[in-house]
Amino acid sequence: MRKIKLAVDYGSICGGCDVAFIDAGEKLIELANAAEIVFWPAVVDGKEEDLRKTREIDIGIFFGAIRTERHKEALEQLREKSRILVAFGTCACYGGIPGLANSVESRVLLKKGYVATKSTDNPDGKLPGFEEFKEAALRLPRLRSLVSPICDFVDVDIWVPGCPPPVESVNKLIDVVKDLQEDQVPPKGLFIAEGRSLCDFCEREKPEVLRIKRFRRVHEGEIKRDECFLKQGIICLGPVTRGGCGARCIDANMPCRGCFGPVPNVEDQGTRFLSAVASALMAEEEREVGEEELRKLIDELPDPLGLFYMYSLAASIINRRYLDLEGD
Amino acid sequence: MENPAPRPYSDAKGRYGKERIGVFVCHCGRNIAATVDVKKVVEEISKHPAVVHAEDYDYMCSKPGQELIERAIEEKGLTGVVVAACSPSIHETTFREVVEHAGLNPYRCEMANIREQCSWVHEERDKATEKATRLIKSVIEKVVRNEELEPVKVGLHKKALVIGGGIAGIRAALDIANAGFQVILVERKPTIGGHMAQLAETFPTLDCAQCILTPLMSEVANHPNIKLLTLSEVIDVEGYVGNFHVRIKKNPRYVDPDKCNLCDNCTEVCPVVVPSEFDEGLSLRKAIYIPFPQAVPSSYVIDPDACLGMNPIICGKCAEPDVCGPGAINFYDQPEIIEEDVGVIIVATGYEIYDPKKISEYGADKYPDIITSLQFERLLSPNGPTGGIPKRPSDEKIPKRIAFIHCAGSRDEKHRPYCSHICCTYCSKHGLLFKELVPDAEVYSFYIDIRAVGKNYEDFVKRAQEEAGIQFIRGKVSKIYEEDGKVKIFAVDTLLNRRIEVEVDMAVLALPIVPAQGIADLASKMRIQIDNYGFLQERHPKLHPVESATPGIFFAGAAQSPKDIQDTVAQASAAASKALEILTQDEISHTPTVASVDRDLCSGCRLCLSVCPYGAIRIVDGKAEVNEIICEGCGACVSTCPSGAISLRNFTDEQLDAMIEAVVGGI
Ligand SMILES: Cc1cc2nc3c(=O)[nH]c(=O)nc-3n(C[C@H](O)[C@H](O)[C@H](O)COP(=O)(O)OP(=O)(O)OC[C@H]3O[C@@H](n4cnc5c(N)ncnc54)[C@H](O)[C@@H]3O)c2cc1C
Ligand code: SF4
Ligand code: SF4
Ligand code: SF4
Chain A
615 MRKIKLAVDY GSICGGCDVA FIDAGEKLIE LANAAEIVFW PAVVDGKEED
665 LRKTREIDIG IFFGAIRTER HKEALEQLRE KSRILVAFGT CACYGGIPGL
715 ANSVESRVLL KKGYVATKST DNPDGKLPGF EEFKEAALRL PRLRSLVSPI
765 CDFVDVDIWV PGCPPPVESV NKLIDVVKDL QEDQVPPKGL FIAEGRSLCD
815 FCEREKPEVL RIKRFRRVHE GEIKRDECFL KQGIICLGPV TRGGCGARCI
865 DANMPCRGCF GPVPNVEDQG TRFLSAVASA LMAEEEREVG EEELRKLIDE
915 LPDPLGLFYM YSLAASIINR RYLDLEGD
Chain B
52 MENPAPRPYS DAKGRYGKER IGVFVCHCGR NIAATVDVKK VVEEISKHPA
102 VVHAEDYDYM CSKPGQELIE RAIEEKGLTG VVVAACSPSI HETTFREVVE
152 HAGLNPYRCE MANIREQCSW VHEERDKATE KATRLIKSVI EKVVRNEELE
202 PVKVGLHKKA LVIGGGIAGI RAALDIANAG FQVILVERKP TIGGHMAQLA
252 ETFPTLDCAQ CILTPLMSEV ANHPNIKLLT LSEVIDVEGY VGNFHVRIKK
302 NPRYVDPDKC NLCDNCTEVC PVVVPSEFDE GLSLRKAIYI PFPQAVPSSY
352 VIDPDACLGM NPIICGKCAE PDVCGPGAIN FYDQPEIIEE DVGVIIVATG
402 YEIYDPKKIS EYGADKYPDI ITSLQFERLL SPNGPTGGIP KRPSDEKIPK
452 RIAFIHCAGS RDEKHRPYCS HICCTYCSKH GLLFKELVPD AEVYSFYIDI
502 RAVGKNYEDF VKRAQEEAGI QFIRGKVSKI YEEDGKVKIF AVDTLLNRRI
552 EVEVDMAVLA LPIVPAQGIA DLASKMRIQI DNYGFLQERH PKLHPVESAT
602 PGIFFAGAAQ SPKDIQDTVA QASAAASKAL EILTQDEISH TPTVASVDRD
652 LCSGCRLCLS VCPYGAIRIV DGKAEVNEII CEGCGACVST CPSGAISLRN
702 FTDEQLDAMI EAVVGGI
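Protein chains in written order, with the numbering used here: chain A, 615 to 942; chain B, 52 to 718.
Take the hints with a grain of salt, since some may be wrong.
In silico lysine-lysine, DSSO-like type, Cα no more than 27 Å apart, as pairs [said to hold, decoys possible]:
| id | chain 1 | residue 1 | chain 2 | residue 2 |
| --- | --- | --- | --- | --- |
| 1 | B | Lys506 | A | Lys845 |
| 2 | B | Lys486 | B | Lys506 |
| 3 | A | Lys838 | B | Lys674 |
| 4 | B | Lys530 | A | Lys845 |
| 5 | A | Lys827 | B | Lys674 |
| 6 | A | Lys820 | B | Lys576 |
FYI, nobody ran anything at the bench for these hints, they're computed from the structure.
Just chain A, with the same shape it has in the complex (with noise of 0.2 Å):
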């Protein structure tokens, strides 16, 4: 049978989504089996020359999130090149856990790194990214102004949602590759997760209506293993998230943090989740409660922006601080 040419290359990434092939075990052998590894600088051998000299590959495979020029670059490549786009993770998907950056603008961000922290010695406040070192001959890529999800630049054919993906689906992700051996292509668009929310797969019972008269965080008492989250008054994004993740949060009695994504029919998970948790807060008792009463209630959430995109903020429509895509 036919090798199916595979590559992977990278964005903005923390190395969770190469562990997660790894742990994909002895199914790794039927990868290896079914195809020829142009370019996986993690796994094997080899120079990005050598990518940039196939003309062709099967299958495309892109980690994490586009946040330097040099990311940019990475991703047209491989799309170019690549049949089948695989974004790979959360950070491809919907910038993940680093889109959370765009809440500053990033020079702000690299004042903060590497000039205003106290462990920093930097008297010329010189920043990375804006001056080329001659003498290393090495330029380093440029910081673009936000972190974005590599659908924002190019079609992406397969989505694989999850920080990181479960091993259930790396699995599909290889049979799918074994199916390109007999080109049996899949369908645009495919997602490698359910198409309903995660509740729909948890166990805990729910309430008759849901009702919160009080945000916890985890960590203020005991949490109810069969009850459902948000009826604990603990922030839980099960309803707007997908499923597909195989619930491992939930069972180890922590709330969903929505690393699978939006669910189909839901653009924006943040404000989805929003004004779904504003409907909750004392329901049916708004009247008596009160404007201000409600407002402290509401004050005790800490950090909305940063519970309710922590994986989708990139991709949400308040995605930015400043609409300015491009140049800093």
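Once you've looked at the hints, dock chain B with the ligands against the given chain A.
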């Protein structure tokens, strides 16, 4: 597993397929044309790729205007119509009917509001013209995506429920019953009649309240179409217009009305006395009693809280055969739950007067000769505790100096900020009647300003002023108390701008009119709204004054706002006619632009249940389901649903996105 990408956002531009849209721009006389260049709008919109016909006219809603639309549909084979005119809340029905008449589905017609949302709020002609064009473009995006819909239809129960047996409930029940429909009339007290039965003579004509009320009460008692349930309360309402299922708890009367012959023997032997509610505590009654002689149902009743005989070992005297000959008394009478299916409901639960304890500065709860105006009505009534000659409760002397305090808590931020509407007129009535009975009396009326609006009311108040010589003092009373048999009133005369102190024998407080107790609870069971003060909230103060926001539920009388008998009766007949409008139909038809749930996407979180103001959503097999007859299409659930599982027909996200795009695109 095949799902749309996370950002499926439309690029519907240029994809109008076979759509042939006609746009009709209205001048609304000068209302629109003065600010919007209507000709220019027509010119611009004619260039739109979906538009095959565009024209303007002075008044689109006029007959010739409507004919323009019909003609264009026929001649140009339009597939959709946009009328750019006023608000759809005014003329949507008009134009949809026109379009339907010409053979198109009515939901293929939409209005672009270029009056309220454009010409009326702008001045710059150029910009207003551009905005009007954009608004129309946006509505075109909606129309081309509108589904053809048919109204939702269901059958109905041709029966009415009327809650509250005051004059409002009586009138409404009789109107419906006379039109040939069954009525269940539910009253929580032992008799119908409400407050009107307690009144002496009624303004402005001064006819005796009981004389005009009791004939109606016996008509109710004898009407073959009315099922009267007294001592009863509605405990549960389910369903929707045409198909309400109600549960009513009928409390025991302990006296069989069919057997009771009103001999009154029982009250003679009953050892318990308690204050009479009917006389507002100014007289005493027994534990077995009849509220007043003409009560309906015409029967005695036992007050279970006062009666000792609930344990017949202790008492039970009245039930002895030599006392109650017909054996009407039954201590073992039990509450009963009655279930009924009705098509419409009229709420006529009336009012109460504000608790005088809450206005301690006026002393009605502490001093015997400071009384409420309802108590004064009883003192004036020939069948009242003093036989119709008002006497002071403290020493039973006829007062020679008396003061009426208007706005005793009404129009007062500390108590009830609103005007109770009837007090000025009844205070004048009280002064007039009292002066007739005690001609040498001095009568004072403390008022903020006189509000006596209603046919002949001004004359009535004048008459009180001139004929009866009532001294009207414009001033807010600050304190009233009684000392050594004299009632002292402290006030500021706001005309002369000085403090005054008046000493009288008796003071009568016109306390605020407040909604009947339990109304909030009843309203939430029926999912109807109440206003900030607890009165029933009508759907629209001008255009739908007797309708609740929930179809099939209507209001009448003081439950909706303080009002006199005239207005109460008028409103009761109005509510009855609205109810009959439904009862005379064979099926209920409802707009199809309602919410629907995609069961595959619903996660069963139940959030939509708590936000739906109409209770239209239920969970069926773990997933939400919308009852199309109840849903009013408000969209609250759509924006709440975290899973994006609900959409509103003809208001889909896709439509809204395209509309927004058209309105703001390129700005
Ligand atoms: C001192 C005074 C003098 C007045 N004088 C005049 C006058 O001279 N002329 C004039 O036109 N108007 C007068 N009015 C106003 C008049 O009383 C009202 O307009 C009229 O009584 C309103 O009728 P209603 O049926 O709406 O309410 P109500 O008379 O209050 O009747 C409501 C009925 O509903 C029942 N009810 C309440 N809640 C429930 C429930 N949950 N379930 C079942 N039953 C329930 C109550 O028991 C009551 O029987 C006067 C009012 C006052 C206070
Ligand atoms: S909100 Fe969270 S805890 Fe509640 S049902 Fe959904 S996934 Fe389960
Ligand atoms: S659209 Fe409004 S009325 Fe209809 S089901 Fe949703 S919340 Fe209820
Ligand atoms: S809000 Fe949405 S997901 Fe939740 S029960 Fe209603 S329809 Fe289902």
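Hint by hint, here is what the structure shows:
1. B:Lys506 - A:Lys845: The given pair, whose Cα atoms are some 57 Å apart, is violated under the 27 Å limit.
2. B:Lys486 - B:Lys506: holds (23 Å)
3. A:Lys838 - B:Lys674: Holds. A:Lys838 to B:Lys674 sits at ~24 Å (cutoff 27 Å).
4. B:Lys530 - A:Lys845: violated (51 Å)
5. A:Lys827 - B:Lys674: With a Cα-Cα distance of about 24 Å, the restraint between A:Lys827 and B:Lys674 holds, given a limit of 27 Å.
6. A:Lys820 - B:Lys576: Holds, because 24 Å separates the two Cα atoms, which is no more than 27 Å.
Of the numbered hints given earlier, the model fails hints 1 and 4; all others are met.
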